[in-house]
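*Asks:* Sequence:
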Amino acid sequence: VITGPNMSGKSTYLRQTGLIVLMAQVGSFVPAKSARLNIVDRIFTRVGASDNLASGESTFMVEMLEAANILNNATPNSLILLDEIGRGTSTFDGLSIAWSIAEYLHNNPKVAAKTLFATHYHELTELAIMYPRIKNYNVAVEEIGDHVVFLRKIIPGGTDNSYGIHVAGMAGLPNEVLERAKEILSNLESNELTPNKQPRLAKRQTGRQVDKNQLTIFDIIPESKVEKEINDIDVNKMTPLDALNKLNQLKDLLKK
22 VITGPNMSGK
32 STYLRQTGLI
42 VLMAQVGSFV
52 PAKSARLNIV
62 DRIFTRVGAS
72 DNLASGESTF
82 MVEMLEAANI
92 LNNATPNSLI
102 LLDEIGRGTS
112 TFDGLSIAWS
122 IAEYLHNNPK
132 VAAKTLFATH
142 YHELTELAIM
152 YPRIKNYNVA
162 VEEIGDHVVF
172 LRKIIPGGTD
182 NSYGIHVAGM
192 AGLPNEVLER
202 AKEILSNLES
212 NELTPNKQPR
222 LAKRQTGRQV
232 DKNQLTIFDI
242 IPESKVEKEI
252 NDIDVNKMTP
262 LDALNKLNQL
272 KDLLKK
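Residue numbering for the sequence shown follows this note's numbering, starting at 22 and increasing by one per position.
Hints may be right or wrong, so weigh each one.
[As the list claims (entries may be wrong)] Derived EDC-like pairs (lysine to aspartate or glutamate); straight-line CA-CA distance at most 16 Å:
1. Lys267 to Asp253
2. Lys156 to Glu124
3. Lys267 to Asp255
[Stated by the list, open to error] Okay, the calculated beta carbon distance ranges per label pair:
4. Asn257 to Asn94: 41 to 51 Å
5. Lys54 to Leu172: 12 to 22 Å
6. Leu172 to Arg36: 42 to 52 Å
7. Lys131 to Leu86: 17 to 27 Å
8. Ala70 to Ser245: 55 to 65 Å
9. Lys131 to Lys272: 52 to 62 Å
10. Lys258 to Thr110: 43 to 53 Å
11. Lys272 to Asn93: 54 to 64 Å
12. Ser32 to Thr110: 16 to 26 Å
Everything labelled a hint here was simulated from the structure, so no lab data went into it.
Built from N, CA and C at the ideal position, the CB exists for glycine as well.
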């Protein structure tokens, strides 16, 4: 999982990895002092943002089609390069899909390919806490006052800042917009829960958990005679006439 600021070189890192693997496999020169590269059967990529409106496919649909092709056809001998997943929809939708895809690639032995997953969803760095084969890397930066210097270097560990507002400033957005964006970002970050050893995003919904020592309204109200009668009915052994007679009995109980 590769995190890092906008414009820091995550996409370039993915592309150069794909090119180096391809060059090595065809017997070409590899720009490195030394390299240890496996033979791959295919190189799968999901890079960039494009649409296919002529066929009625939105940018997000194209992204999902590419992701589906990867998950359905990759093997443990493949190389997968994912440059952002889920950015074409809402934040919660996109993050959920990205997290689930990463888990699938890790847990499914039929698709457990070598994968580089570049993302701005910093929550995905929590995956490394849960899974032994998932590692975090980030593109190093150095902050000098209000400026950011991109070091163009990949280092171990995750990051929690995309410096998007800095990049917006470099593009020339009005200062008033930038300052307001900083305020909103601060408000959002103040409501974030700090991840710990049990990542909140990874929790599986296994049904409503009830404290056995906690009384509820259902514990206080005893089972009624009608409820008991209904629970004791074995509908598989009843004839239509039995069912009508039982219904009359239940009606009589309700009148009492």
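*Asks:* A separate judgement is required for each hint: does it hold in the structure or not?
*Replies:* Going down the list of hints, with the structure as the test:
Among the hinted pairs, Lys267 with Asp253 is consistent with the structure: their alpha-carbon atoms are about 11 Å apart, no more than 16 Å. With a CA separation close to 13 Å, the supplied pair Lys156 and Glu124 stays within the 16 Å bound. Of the supplied pair hints, the one linking Lys267 and Asp255 holds, its CA atoms being roughly 11 Å apart against a limit of 16 Å. Evaluation of the 41 to 51 Å hint for Asn257 and Asn94 yields a pass: the beta carbon distance comes to about 47 Å.
Against the hinted window of 12 to 22 Å, the Cβ-Cβ separation of Lys54 and Leu172 comes to about 20 Å, which satisfies the hint. Range check, Leu172 to Arg36: about 19 Å between beta-carbon atoms, so the 42 to 52 Å window is missed. Checked against the hint of 17 to 27 Å, the C-beta distance between Lys131 and Leu86 comes to roughly 20 Å, which is consistent with it. Separated by about 60 Å at the C-beta atoms, Ala70 and Ser245 satisfy the suggested range of 55 to 65 Å.
Between Lys131 and Lys272 the beta carbon distance is about 58 Å. The supplied range of 52 to 62 Å therefore holds. Lys258 and Thr110 have their C-beta atoms about 51 Å apart, which keeps the hinted 43 to 53 Å range intact. With their beta carbons about 56 Å apart, Lys272 and Asn93 fall inside the hinted range of 54 to 64 Å. For the pair Ser32 and Thr110, the beta carbons lie near 20 Å from each other, so the given range of 16 to 26 Å is met.
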